[in-house]
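Colleague: So you can see what is in the structure, the chains are spelled out below.
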Amino acid sequence: NAGVTQTPKFQVLKTGQSMTLQCAQDMNHEYMSWYRQDPGMGLRLIHYSVGAGITDQGEVPNGYNVSRSTTEDFPLRLLSAAPSQTSVYFCASSRIQGARTEAFFGQGTRLTVV
Amino acid sequence: GQQVMQIPQYQHVQEGEDFTTYCNSSTTLSNIQWYKQRPGGHPVFLIQLVKSGEVKKQKRLTFQFGEAKKNSSLHITATQTTDVGTYFCAGVGRGGADGLTFGKGTHLIIQP
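For the protein sequence lines, the chains are A and B, in the order given.
Here the working numbering is used: the first residue of the first sequence is 1, the next is one more, and so on.
Here the working numbering is used: the first residue of the second sequence is 115, the next is one more, and so on.
To be clear, the hints were calculated from the coordinates, so they are not data collected in a lab.
Since we're looking at a predicted model, the values are computed, not measured.
Treat the hints with care, since some could be wrong.
If you want a taste of the chain B side facing chain A, the calculated C-beta under 10 Å gives, among others [to be verified]:
| hint | residue |
| --- | --- |
| 1 | I121 |
| 2 | P122 |
| 3 | H126 |
| 4 | Q151 |
| 5 | G155 |
| 6 | V158 |
| 7 | T191 |
| 8 | A192 |
| 9 | T196 |
| 10 | T200 |
| 11 | A204 |
| 12 | F216 |
| 13 | K218 |
Simulated restraints on C-beta separations [what the hints assert, rightly or not]:
| hint | chain 1 | residue 1 | chain 2 | residue 2 | range |
| --- | --- | --- | --- | --- | --- |
| 14 | A | G63 | B | T191 | 41 to 47 Å |
| 15 | A | I96 | B | T141 | 17 to 23 Å |
| 16 | A | T70 | B | K165 | 31 to 37 Å |
| 17 | A | V88 | B | T134 | 23 to 29 Å |
| 18 | B | K171 | A | S84 | 38 to 44 Å |
| 19 | B | V158 | A | D38 | 28 to 34 Å |
| 20 | A | L79 | B | A192 | 36 to 42 Å |
| 21 | B | Q128 | A | Q17 | 44 to 50 Å |
| 22 | B | K170 | A | G40 | 16 to 22 Å |
| 23 | B | P122 | A | A2 | 19 to 25 Å |
| 24 | A | T20 | B | I161 | 31 to 37 Å |
| 25 | B | T195 | A | D56 | 39 to 45 Å |
| 26 | A | S18 | B | T142 | 36 to 42 Å |
| 27 | B | H126 | A | L79 | 24 to 30 Å |
Computed list of lysine to any residue pairs in SDA-like fashion (alpha-carbon distance at most 25 Å, straight line) [said to hold, decoys possible]:
| hint | chain 1 | residue 1 | chain 2 | residue 2 |
| --- | --- | --- | --- | --- |
| 28 | B | K173 | B | P226 |
| 29 | B | K218 | A | S84 |
| 30 | B | K184 | A | E102 |
| 31 | A | K9 | B | G154 |
| 32 | B | K173 | B | T196 |
| 33 | B | K171 | B | G115 |
| 34 | B | K218 | A | D56 |
| 35 | A | K9 | B | K150 |
Heads up, the beta-carbon is just placed ideally off N, CA and C, and yes, glycines get one too.
Taking the hints into account, I'd like the entire structure generated from these sequences.
Modeller: Structure, rendered in structure tokens:
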């Protein structure tokens, strides 16, 4: 079972470069989200989606774009990378059945911006 | 916006001692979830609490949801080295479709 797959696992970018973090899930989950994890800050929500064609901002959306053209994929785009975006990024998916069900997380992407 | 506070940030225990982490939300929650993250790993779901005053047990782990649905706790009895990691609570707002709001986590460090 693949679950939630994130690529790449590691990435180094130069300031100003752009890139896309990929996230795919094979569980037919409606809900997908992106978090960043920084030391002492826990997991902070960047963007989320409740279904194909629907996205919304989370707590820290600035500098990131998302789209949800299919149920399976939810890519995260960094338009112009900054050192402040150095972090570990996690993608997660879950069902929406009245109350939210458990979130399944990908393995994470460790991003360093120099 | 919704905020979820979690304490303590770090907890050192001797193997065999008990451990508790507490979570408090600034708003009433629809439900609360708990996750464990091993060092270098990703968060893994432990449990979800939905009802006011709910108590659930998983072997040595006991989870509680407050009567007002604004606070929760996780208690581990007789810790083992396999319990090492960071424990996060995550609240779901009353809207249901909103994102999970995570506490900052409690790092459990166990000394043999």
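Colleague: Hints first: check each against the structure and report whether it holds.
Modeller: Against the structure, the hints:
1. I121: violated (12 Å)
2. P122: Violated, about 13 Å.
3. H126: violated (17 Å)
4. Q151: Q151 (chain B) check passes; min Cβ-Cβ to chain A is 9 Å, inside 10 Å.
5. G155: holds (8 Å)
6. V158: For V158 (chain B), the interface hint holds, since the closest Cβ of chain A sits about 7 Å away, which is under 10 Å.
7. T191: violated (23 Å)
8. A192: Because about 26 Å separates A192 (chain B) from the closest Cβ in chain A, which is outside the 10 Å limit, the hint is violated.
9. T196: violated (20 Å)
10. T200: Hint on T200 (chain B): holds, closest Cβ of chain A at ~9 Å, below 10 Å.
11. A204: holds (8 Å)
12. F216: Constraint on F216 (chain B) satisfied, holds at 4 Å.
13. K218: holds (4 Å)
14. A:G63 <-> B:T191: 41 to 47 Å: holds (44 Å)
15. A:I96 <-> B:T141: 17 to 23 Å: This hint holds: roughly 20 Å between Cβ atoms.
16. A:T70 <-> B:K165: 31 to 37 Å: Taking Cβ atoms as reference, T70 (chain A) and K165 (chain B) lie about 35 Å apart, which means the hint holds.
17. A:V88 <-> B:T134: 23 to 29 Å: The hint (23 to 29 Å, Cβ to Cβ) holds, given that V88 (chain A) and T134 (chain B) are roughly 27 Å apart.
18. B:K171 <-> A:S84: 38 to 44 Å: holds (42 Å)
19. B:V158 <-> A:D38: 28 to 34 Å: Because 20 Å falls outside the window, the suggested range is violated.
20. A:L79 <-> B:A192: 36 to 42 Å: violated (50 Å)
21. B:Q128 <-> A:Q17: 44 to 50 Å: holds (48 Å)
22. B:K170 <-> A:G40: 16 to 22 Å: Violated, since K170 (chain B) and G40 (chain A) (Cβ atoms, about 29 Å apart) do not stay within the stated range.
23. B:P122 <-> A:A2: 19 to 25 Å: violated (36 Å)
24. A:T20 <-> B:I161: 31 to 37 Å: holds (34 Å)
25. B:T195 <-> A:D56: 39 to 45 Å: holds (41 Å)
26. A:S18 <-> B:T142: 36 to 42 Å: holds (40 Å)
27. B:H126 <-> A:L79: 24 to 30 Å: Once the Cβ atoms are compared, 42 Å apart, the range 24 to 30 Å for L79 (chain A) and H126 (chain B) is violated.
28. B:K173 <-> B:P226: holds (21 Å)
29. B:K218 <-> A:S84: holds (19 Å)
30. B:K184 <-> A:E102: holds (19 Å)
31. A:K9 <-> B:G154: holds (12 Å)
32. B:K173 <-> B:T196: Answer holds: K173 (chain B) to T196 (chain B) is near 13 Å, not above 25 Å.
33. B:K171 <-> B:G115: violated (31 Å)
34. B:K218 <-> A:D56: Given that 25 Å is the threshold and the Cα spacing comes to 22 Å, the pair holds.
35. A:K9 <-> B:K150: Between K9 (chain A) and K150 (chain B) the Cα gap is close to 20 Å, so the pair holds against 25 Å.
Checked against the numbered hints listed earlier, the structure breaks hints 1, 2, 3, 7, 8, 9, 19, 20, 22, 23, 27 and 33; every other hint is satisfied.
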